[in-house]
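Fit chains S, X, G, C, W, B and Y to the known structure of chain D by using the hints.
8 protein chains.
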Amino acid sequence: LVGIVMGSDSDWPVMEAAAQALDEFEIPYEVDVVSAHRMPREMVAYGENAHGRGLKAIIAGAGGAAHLPGMLASVTPLPVIGVPVPLRYLDGMDSLLSIVQMPAGVPVATVSVAGARNAGLLAVRMLAAFDPELTERMTDFQAELNGQATEKGKKLRAKVAGSSSFGFGK
Amino acid sequence: LVGIVMGSDSDWPVMEAAAQALDEFEIPYEVDVVSAHRMPREMVAYGENAHGRGLKAIIAGAGGAAHLPGMLASVTPLPVIGVPVPLRYLDGMDSLLSIVQMPAGVPVATVSVAGARNAGLLAVRMLAAFDPELTERMTDFQAELNGQATEKGKKLRAKVAGSSSFGFGK
Amino acid sequence: LVGIVMGSDSDWPVMEAAAQALDEFEIPYEVDVVSAHRMPREMVAYGENAHGRGLKAIIAGAGGAAHLPGMLASVTPLPVIGVPVPLRYLDGMDSLLSIVQMPAGVPVATVSVAGARNAGLLAVRMLAAFDPELTERMTDFQAELNGQATEKGKKLRAKVAGSSSFGFGK
Amino acid sequence: LVGIVMGSDSDWPVMEAAAQALDEFEIPYEVDVVSAHRMPREMVAYGENAHGRGLKAIIAGAGGAAHLPGMLASVTPLPVIGVPVPLRYLDGMDSLLSIVQMPAGVPVATVSVAGARNAGLLAVRMLAAFDPELTERMTDFQAELNGQATEKGKKLRAKVAGSSSFGFGK
Amino acid sequence: LVGIVMGSDSDWPVMEAAAQALDEFEIPYEVDVVSAHRMPREMVAYGENAHGRGLKAIIAGAGGAAHLPGMLASVTPLPVIGVPVPLRYLDGMDSLLSIVQMPAGVPVATVSVAGARNAGLLAVRMLAAFDPELTERMTDFQAELNGQATEKGKKLRAKVAGSSSFGFGK
Amino acid sequence: LVGIVMGSDSDWPVMEAAAQALDEFEIPYEVDVVSAHRMPREMVAYGENAHGRGLKAIIAGAGGAAHLPGMLASVTPLPVIGVPVPLRYLDGMDSLLSIVQMPAGVPVATVSVAGARNAGLLAVRMLAAFDPELTERMTDFQAELNGQATEKGKKLRAKVAGSSSFGFGK
Amino acid sequence: LVGIVMGSDSDWPVMEAAAQALDEFEIPYEVDVVSAHRMPREMVAYGENAHGRGLKAIIAGAGGAAHLPGMLASVTPLPVIGVPVPLRYLDGMDSLLSIVQMPAGVPVATVSVAGARNAGLLAVRMLAAFDPELTERMTDFQAELNGQATEKGKKLRAKVAGSSSFGFGK
Amino acid sequence: LVGIVMGSDSDWPVMEAAAQALDEFEIPYEVDVVSAHRMPREMVAYGENAHGRGLKAIIAGAGGAAHLPGMLASVTPLPVIGVPVPLRYLDGMDSLLSIVQMPAGVPVATVSVAGARNAGLLAVRMLAAFDPELTERMTDFQAELNGQATEKGKKLRAKVAGSSSFGFGK
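Chains as they are written, first to last, in this note's numbering: chain D, 1 to 170; chain S, 1 to 170; chain X, 1 to 170; chain G, 1 to 170; chain C, 1 to 170; chain W, 1 to 170; chain B, 1 to 170; chain Y, 1 to 170.
This is chain D alone, in the form it adopts within the complex (with noise of 0.2 Å):
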């Protein structure tokens, strides 16, 4: 149901959260290497096809002159969730500038620098708009993050309780 494609598989190890997000709530999805500026033809050809073959959703990610998601978003009416990839140099600014400074028209729904679990996550609430178990799913989601950051606070409290002389709670 969601396509995530990379300018390259050097992209992977990022992008690789954005699967994982989809494989939590059993989403399916595909993985693609497809460059904007390498496969310029057949990045169309996936953009235009995209909706047609069922695709509800694109999560691309690409960086420094990013223009993999603006391009998708301009050959399909789908929703497209671009990810910024940060290069060696300049720490994702230039991947973030180039995915979301999009002309009126053209959307492209920008993740955080490297945040392709993000990317995951939104394409799931997207999904789950439509969709009342998976809403329920990404209710239980949030209600584990809450239990989960409830649960370290606990961890953090006997900590510091334990080594520090001073507290507040004693």
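Source of the hints: derived by calculation from the structure; they are not laboratory data. Some hints could be false.
[As the list claims (entries may be wrong)] Derived CB-CB ranges, DEER-like:
| id | chain 1 | residue 1 | chain 2 | residue 2 | range |
| --- | --- | --- | --- | --- | --- |
| 1 | D | ASP131 | Y | ARG88 | 41 to 49 Å |
| 2 | D | GLU136 | S | PRO28 | 20 to 28 Å |
| 3 | B | GLU133 | X | GLU151 | 34 to 42 Å |
| 4 | X | ALA143 | B | ARG88 | 45 to 53 Å |
| 5 | B | GLY54 | Y | LEU1 | 19 to 27 Å |
| 6 | B | LYS159 | X | ARG41 | 46 to 54 Å |
| 7 | S | GLU24 | X | ARG41 | 33 to 41 Å |
| 8 | G | PRO28 | B | LYS154 | 16 to 24 Å |
Where is the CB? At the ideal position from N, CA and C, for every residue including glycine.
What follows is chains S, X, G, C, W, B and Y alone, placed relative to chain D:
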């Protein structure tokens, strides 16, 4: 179907373009001021009730330490679209980073600085993924964008041909 | 008297310095994980109850789209001190802007990127303004800083005098 | 109770908002020009005497290589609040970094670029932590902010309802 | 011999200077709107046909997430010159990074923000490298720049000598 | 046919990729250290003689206050390609701005931070515009890039299909 | 005794303040346009002759890829003071980095964006270090700055005392 | 003749290069820790006495909210050279802006991030302007830089000629 909220009514001149985009696609929406910092409890309530009230997506605009989109995303399973509203200083870079750099677990679909029109169009795409008629309208819209750009090219070529003594096309 | 909270226990290595500063001044404090995005309701509750529970200031650390300090400030009348925790990318610039650029009405006292020690010392100064003994300790602390820096100068002068064949002091 | 100082009277249009905030809470304050670079000795003297003269906090505004807040913090045990005043170029980013990036040991409570109103409100919160009546006024103030924002929402909804042919609430 | 294209006719006020530079060297050119995002297929076709139609270089201007220069470079073997067009926010920094940070394999010759005149002159230099007469004209042009600057110096010296009571040359 | 120069031999690890790209296309080149700041007169002489010695383009790499590309461009009618070499601090942003922001009249064709390979390929494109055989090689090169990217996609799909329990393609 | 040069007469409105500062100290100076990019050979000659002609320091202003100060520093043993002239975009950040980030071996004494007055005053200080009378004048000048700032404080206090109903000094 | 001071002995690894440069020119200097924030009164005293003690210039290094160079400049008529010391985050951009963006009236001669060697060489140039023998040594030094760079070029050409199968010089 879509909630458009912002931190202050001073954001309306920017955010209005989101409403206009939804109007063009005849998608019902509501508009409200829900300040993360001045109405924190109402903001949480808005987010918590959004899905139950039938919203399919929330568009949230905010400037500076722009917390509204991210906070709403933390209390709703719906997709939240964030619009970085530029303030008087820093050209919206603070708004952009405050919205897009969300931690893993809670995504915000961020658009460009002041890119409220694209926020509206992104919401349309999310809905269109589950609505064939809307998909067709989005495809028509993209064709129209194409037509307008083509027309602009025609006018520009004519204008340049008229004013310049050289030109490759001659 | 002071609450030290953070978005995740992964912030503790940075935030620990705030606790240590309070320890040095024997000021009681509590430590907890209160994630704005994963525990929004508990976060609001924490802020709402902070004053009633006797806290005089809250120190909140967060990274990226760092919403915790600002959101706490919106639900408590207490002074909130924000610590921008740097993430892997962008060197904490996103954290800094997300914390410091608060809208008029809801201030956050922001310290430097990863400046948790100064957050602790700022809390001490706030308390000291109403506690003559604590003021004296802060003044002593500043004298000690002076002494340490003076000592460093002495050592540096000795080291340079020993290793260099020139030198103005000779 | 609060000293408001700035590097030049040209900073007054920005800094005035701090005074106004203190006025709203009926907190006595003084205003002065104390330039770190043009009056270094007077600046040191101001800082040294501030506590003895009964001040509880200092608000210092400065632009560019903004040294005033940090230098005052180094000669007083009082909490110092720094306001980055934006100059003609760089949008206050230089002022912000010069104020907020203080070394460990000497904190400055930094607010947003040109955020003098929040500097005033932060001083109020510091005082309120030790003054129940002032806490109540701060709580009332926050309720009033809430009321104003709610009112703005009402007006915006009315305005949009009147001008738009669609709308979810209808 | 040179194609000048841009994402929208709103870029023409910036891009016109490229045409003017080519006019000065009597180099034939064509001008068109070829939007990467609104005319993706026509854009690809434009790039694919450019070499066969006899173009020797393409000058492409675009703003924000500026994908046009890079996408053209991916479908033509011709040198592509990119002009970062500044938008209302971010001063063209987004346009610059989106154009210059191309991945290895597909270069774009980037000029300064709004530097369309230099884009034109760069195209002239590329042609001149294979055209001795054009080289001579470029050398003359550089001599003329020199003459103009020298003349400006003369005027400035005269103006300062007249208005100032001091001056080293006296 | 192409001169590759740099401010110091410490730039060679970055600049080597330009030479390698020219090697791949069997284009003769020369390599030298021509420091704008340490060899200003030789640098001017290098630029002045470049065209007469038969060079068709100059590739110049420099870091920090990177003056070499721009200064060479001021003394030659040849196209100059600038490579921003990143230094230890600032990630090459200083190098990039120092090279790309040339004043009107004297263009430098700037590539990405550390993008020496693209500098080489850009020189190839400039030559290819006047050399049909080289054009063909560039077209082949682009086809090869396409093939490599396609191959990477195949491998990635296989890898993901093997390791993941879900997948749209299944 | 001091040379004030700039890349174009359009820099004069900024650079004039350097001349004015020297006028105030009755230090002879000369003013000229010496463009690094449009007059490279004259620029080198200017730098080479500066010391022999009796100059003690050179003040050079330039914008964008601002090469003038650094190039002059490479051909003269004199201290060179660089003034980053802000252009229409990027607020002088490009000018600043192009001037200040000089490689080891060739220093440029950089002042603030558009800080030509300080460039003049820095030259005065360099001369004053070897001229007791000038030192005295600089000391007087600093006392005068102090006096002006003190006066501004007096006026501000009066103004605030008159307009405000509160005030600590009362 | 030159004072080298820094905010902490942790700045010594950066600042040592200034001392080394002075050593190479056999210029006497002194080294000390004079922290603006931890030793404000001693810092003022250091600046006030510097001229009387025979110093001709002060080199001051500091990081983050780097106030030392500017504060010294405010209490001495001597030229002050500021070295932005990079801290763990922000790559020295905060240090650079805090030092270079001084207000009109009080200049600091700023060098590059971590550019202590150039700070030393700048001091040499200031002294050399009034010392013919030192001028000659600076001229020799520049010739030596030239020789070293020329030698590097020779080695690079040899290395490339040996390893590469192509090369223009062959």
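Results of checking the hints against the structure:
Hint check: ASP131 of chain D to ARG88 of chain Y, Cβ distance near 46 Å, so the stated range 41 to 49 Å holds. Under the hint 20 to 28 Å, the C-beta atoms of GLU136 of chain D and PRO28 of chain S, about 25 Å apart, fit the expected range. The given range of 34 to 42 Å is respected by GLU133 of chain B and GLU151 of chain X, whose C-beta atoms sit roughly 40 Å from each other. At about 51 Å, the CB distance of ALA143 of chain X to ARG88 of chain B agrees with the hint of 45 to 53 Å.
Taken as a hint, the range 19 to 27 Å holds for the pair GLY54 of chain B and LEU1 of chain Y, whose Cβ atoms sit roughly 23 Å apart. Roughly 48 Å separates the CB atoms of LYS159 of chain B and ARG41 of chain X, a value that falls within the hinted 46 to 54 Å. Hint check: GLU24 of chain S to ARG41 of chain X, Cβ distance near 37 Å, so the stated range 33 to 41 Å holds. Taken as a hint, the range 16 to 24 Å holds for the pair PRO28 of chain G and LYS154 of chain B, whose Cβ atoms sit roughly 20 Å apart.
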